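Engineer: One line per chain: the protein sequences are A and B, in this order.
Counting with my numbering, you get residues 73 to 214 for the letters of the first sequence.
Counting with my numbering, you get residues 442 to 589 for the letters of the second sequence.
Where hints are given, some of them may not hold.
Claimed, not checked - Capping the alpha-carbon separation at 20 Å, the derived lysine to aspartate or glutamate pairs in DMTMM-like fashion look like this:
id	chain 1	residue 1	chain 2	residue 2
1	B	LYS489	A	GLU198
2	A	LYS124	A	ASP192
3	A	LYS182	A	ASP88
4	B	LYS521	A	ASP201
5	B	LYS549	B	GLU466
6	A	LYS182	B	GLU514
7	A	LYS99	A	ASP192
8	B	LYS549	B	ASP525
9	B	LYS574	B	GLU553
10	A	LYS107	B	ASP525
11	A	LYS107	B	GLU466
12	A	LYS124	B	ASP525
13	A	LYS182	A	ASP192
14	A	LYS182	A	GLU82
15	B	LYS549	B	GLU514
16	B	LYS574	B	GLU531
17	A	LYS107	A	ASP88
18	B	LYS554	B	GLU531
To be verified - Residues of chain A clear of chain B, computed beta-carbon distances all greater than 10 Å:
id	residue
19	ASP88
20	LYS124
21	ALA139
22	SER142
23	THR146
24	ASP147
25	VAL156
26	ARG158
27	ARG187
28	GLU196
29	GLU198
30	GLU199
For the record, the hints were derived by calculation from the structure and aren't laboratory data.
Note that the coordinates shown come from a computational prediction; the quantities given were computed from them, not determined experimentally.
Every residue gets a Cβ at the ideal spot worked out from N, C-alpha and C, and that includes glycine.
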Amino acid sequence: MSNANNLTYETVQIGDALGPAEFHLSKDQVRAYAKTCGMWVPRFIDDEGARKEGLPGMITPGNMSLAILSKLVTDWAGSSGARVVRMGTTYRQPVMPDHTLTLQGFVTHKNESDRTAEMDIWIESEEGDRLVIGTATVHFPR
Amino acid sequence: MTVDYDPALIGRVFETTEPVPVSAEQIAAFCAAISETNPIFTDEAAAKAGPFGGIVAPPSFAVTFRNGRHFFEHIPRYGKQGFDAGKDVEFVAPIRPGDAITLNSAVKEIYEKTGRTGSMVFVIVRSTLTNQKGEVVAHVDHRFMNRP
């Protein structure tokens, strides 16, 4: 985790990278998320249950993909006090557990008037496909 | 082709959920499930000295609140298969242990789109999360995709 405590609106630059961070997503971790978040349904629990729903195998809840991407941004913000104020995600392809995901992004805009920075963020598969894409807006305190 | 739906549906709030209490244990379990180790979310002492003056839930905790069963009876379905296509979230204020969150949801928009894989109908549901003090903590737009 990059705990960039010295991160401020002034030091952030367009093009700054978030990650890349490699993350091995296990089936147990997906089950833990499903259990904690009340999403205990076959497609998020095991391959067999998922196949009965017409899926190729167990998949990750979209909300969990959002949480993983959100963590990329909050890791970047560290304990600087910068707060995620907006985030959008598009689930392009299913995220299957038992794979290593790469999380990354970069700063695309800075807005002086409200001290925010915008970034593109995404989850990439081992094959290099962008499974989940998104944007986030982070606000920096004075 | 345009999608058929009752325009009176848009913006109508069918129910407000009962307040859902947020405990420190729940936030800790959520953090564990996503391998969250940032002390502002996990360590009470460090969080107290940090930017939010105490532990707050990671922002993505906001999307874990769910609509009541009743709500979905009013949402039109198109076709057999429905998928979560994505979310747009506005995080207005942090969610803290001890909060009680209510959810108000309404259909924001319904539209059809034709992609490489054929026709899709998107139903956008906007949920507004309010805490026990009446403060809005988040707006969550859920994009549900249906294949007719």
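Engineer: If you check each hint against the structure, which ones fail?
Structural biologist: 1, 2, 4, 5, 6, 7, 9, 17, 18, 21, 22, 23, 24, 25, 26
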